[in-house]
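These protein sequence lines map, in sequence, to chains A and B. Residue numbering for the first sequence follows our numbering, starting at 1 and increasing by one per position. Residue numbering for the second sequence follows our numbering, starting at 1 and increasing by one per position.
Where hints are given, some of them may not hold.
[Unchecked claim] List of simulated lysine to any residue pairs, SDA-like, C-alpha gap at most 25 Å:
1) B/Lys42 to B/Glu79
2) A/Lys138 to B/Thr100
3) B/Lys341 to A/Gln101
4) B/Lys341 to A/Val222
5) A/Lys138 to B/Glu345
6) A/Lys190 to A/Gly14
7) B/Lys42 to B/Ser23
8) A/Lys190 to B/Gly88
9) B/Lys341 to A/Val134
10) B/Lys197 to B/Leu178
11) A/Lys138 to B/Arg123
12) B/Lys42 to B/Asn30
13) A/Lys190 to B/Arg123
14) B/Lys341 to A/Lys190
15) B/Lys42 to A/Met118
16) B/Lys197 to B/Glu79
[What the hints assert, rightly or not] Residues of chain B clear of chain A, computed beta-carbon distances all greater than 12 Å:
17) Lys68
18) Cys143
19) Arg157
20) Ile187
21) Gly342
22) Ser346
23) Gly367
If you're looking for bench data, these hints aren't it; they were derived computationally from the structure. Backbone N, C-alpha and C fix where the C-beta goes; we use that ideal spot for every residue, glycine too.
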Amino acid sequence: MSEPIIHVRDLVVGFGDRVVLDHVSVDVMGGEIFGFVGGSGSGKSVLLRTIIGLLAVRGGSIEVLGTRLDTASGSERRAIERRWGILFQQGALFSSLTALQNVQFPMREYLHISPRLMDEMAAAKLEMVGIRAVDHNKFPAELSGGMTKRVALARALALDPELVFLDEPTSGLDPIAAGDFDELIRTLQKTLGLTVFMITHDLDSLYTVCDRIGVLADGRVVAVGGISTILASPHPWVQAYFRGRRATIVQSRIANRTS
Amino acid sequence: MSITPSITSGGDGDTKRLMAAGSWTAANANLLEPLIDAAASKTAGEPSLLIDMAGVTQFDTYGACLLKRLQQARSARNEATGITALQGRFEELFSEVQETPPGAAAREQKAGSLRSAFEFLGRATIGFGHDLFALAEMLGLLCRSVVRVMANPRAFRLTSTTYHIDRVGWQAVPIIVLITFLIGCIIAQQGFFHFRKFGADAYVVDMVGILILREIGVLLVAIMVAGRSGSSYTAELGSMKMREEIDALRTMGLDPIDVLVLPRVLALVIALPILTFIGSMAALYGGGLVANLYGGMSPDIYIARLKEAISVTHFQVGMIKAPFMALVIGIVACAQGFQVKGSAESLGRQTTNAVVKSIFLVIVLDGLFAIFFASIDM
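Same shape as in the complex, but just chain A (with noise of 0.2 Å):
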């Protein structure tokens, strides 16, 4: 946890004359979970697509992994693009490849190695996130919610990158499964030495797993910092989320776990 991964200054973001991000500022640490969280409409998923370029930027800088996003060239962003993975909220698994071949597309795009090693590097990485070898052939129509957000965590994670972004990664999952997945996002995260970047609405995953939290409202980060640091932030809208009546009984059903 030394130098920041992911260093946003003075972000502005529009469309027309409509400004959603109006001077972001966020550090990502590397090596920790980074949670973001914000209401519907309030910016977090342009906040990410912005920084992994598919959005254009109207002012301030992004800076990924020491490179500054906005001013690198085609060359120099495609070699970052190699170093992160991304996890996309409906999973965007390419619907005409089998699950196994889902995970072995960036690798048959990037790595020149044999069919065989990506074979069994497919299979293991599909293991590693819980996806039985049953499954490794099926299509994406064939995988129900949480099979398909793993296979795409595993897709995200076929080029062994440094920095995962995941968009909502628990939505759509029962709280089992979600659990689950926290746990798994937990479990990768240490044997890799992953950076998580991940925008959620789970209360859930905002206490369990993540090690920092930022609070986008009214297109700014209005709280960032531990959870406790969030919870002392006066701004309405994080005392609305979480002081909430589910937020309290989430807190509630924490703390008696951890006693």
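Since chain A is already given, all that's left is putting chain B on it; use the hints.
Okay, now just chain B, sitting in the frame of chain A:
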């Protein structure tokens, strides 16, 4: 930062030692793999081996998997392999990778070419049977829906039907007029060019008139509508199927045939005869234009010859066919749309199928009509 991986043997004492060094990472996997395979074959016959990983500076799942491969190759020969000095986190990663079941991936075996050819033929035959069944089913459902709507006219979706007539009829007029006009020109030009040799210029008008009214007009328009509107029906219904919209309709107690299929097919049945008429007129106009400019035949003579050459029967033959062709195109397109499965690839495949099959069936139907009309002297 990345150091080329290496494996060197440094033996002291009874057990053979291998010293590993460098970056055992994804980027170096192509270099590391031959090293591992070489080490596995070179150490064959050594009852025990110690791999010293102290020199390894970077280690990821690729390195771990290859290390596991070496270990497995040796244990398959009943030889022991010890691994030592894996640094901190690498140890954890390696044990995680070791837990995954060995060599899970078995590549799918490709069957022999003759066998797969037969298999393909068999599947295609069964698929053809399924398709026929699906068409018959769709026709039956449509008939049932028509009966239901006639019994209860309030259930008829007039707005939807007019919307689809606008889309498949009105908006198709410019392209239909353009294409049929050009084909009319081409037929007339070819007629004059070849008939002139026999001094049979005058009969070009007979050929143009009969050919266009009986066959070309309706066939050309049907093929264009199959490509233009049939494909869009399949794609629409297919993506609705993919996004469970059709299931949603069903759960609300609405029949997707009533709501989606009937307005679409009815719109085609209404629009195609109109388009056929417009297309035939455009083709006749094109033929007349070429007769004037290229064949040197004045418009008055062209029209007089046309009056003699064609009768209402020829016109009827063409127009009678149009609604049946529309029905075939609509049923094929909707049936294919409902067969779409979850993937984007399947949507594309069914759309292609819809166009290919409906054009094929339109031509087959045209042949059947030709036999029918010939036998009733029309």
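query: Has the given pair, B/Lys341 with A/Val222, been kept, meaning a C-alpha gap of at most 25 Å?
result: 45 Å, violated
task: Take the C-alpha atoms of A/Lys138 and B/Thr100, compute the straight-line distance between them, and say whether it is at most 25 Å.
output: This hinted pair holds, its Cα atoms lying about 19 Å apart.
task: With a cut-off of 25 Å on the C-alpha distance, tell me whether B/Lys42 and B/Ser23 pass.
output: Satisfied, since the Cα-Cα distance of roughly 22 Å is no more than 25 Å.
message: Against the 25 Å threshold, does the CA-CA distance of A/Lys138 and B/Glu345 hold or violate the hint?
response: Holds. A/Lys138 to B/Glu345 sits at ~15 Å (cutoff 25 Å).
query: Just checking, B/Gly342 versus chain A, shortest CB gap more than 12 Å?
result: 3 Å, violated
field: Assertion that B/Ser346 lies outside the chain A interface [Cβ separation over 12 Å]
entry: 8 Å, violated
Non-interface label on B/Lys68, tested against every C-beta of chain A at 12 Å: Check fails; 8 Å does not lie beyond 12 Å.
- request: Please work out if A/Lys190 and B/Arg123 have their alpha carbons no farther apart than 25 Å.
  value: 49 Å, violated
task: Assess, step by step, whether the Cα of A/Lys138 is no farther than 25 Å from the Cα of B/Arg123, and give holds or violated.
output: 21 Å, holds
query: Does the alpha-carbon distance linking B/Lys341 and A/Gln101 stay inside the 25 Å limit?
result: Measuring from Cα to Cα gives roughly 19 Å; hence the hint holds.
message: B/Lys42 and B/Glu79 were given as a pair; does the straight-line alpha-carbon distance stay at or below 25 Å?
response: Answer holds: B/Lys42 to B/Glu79 is near 13 Å, not above 25 Å.
Reported absence of B/Gly367 from the contact zone with chain A (all CB gaps over 12 Å): With a cut-off of 12 Å, B/Gly367 remains clear of chain A, as the shortest Cβ separation is near 37 Å.
Checked against the numbered hints above, the structure violates hints 4, 6, 10, 13, 14, 16, 17, 21, 22; every other hint is satisfied.
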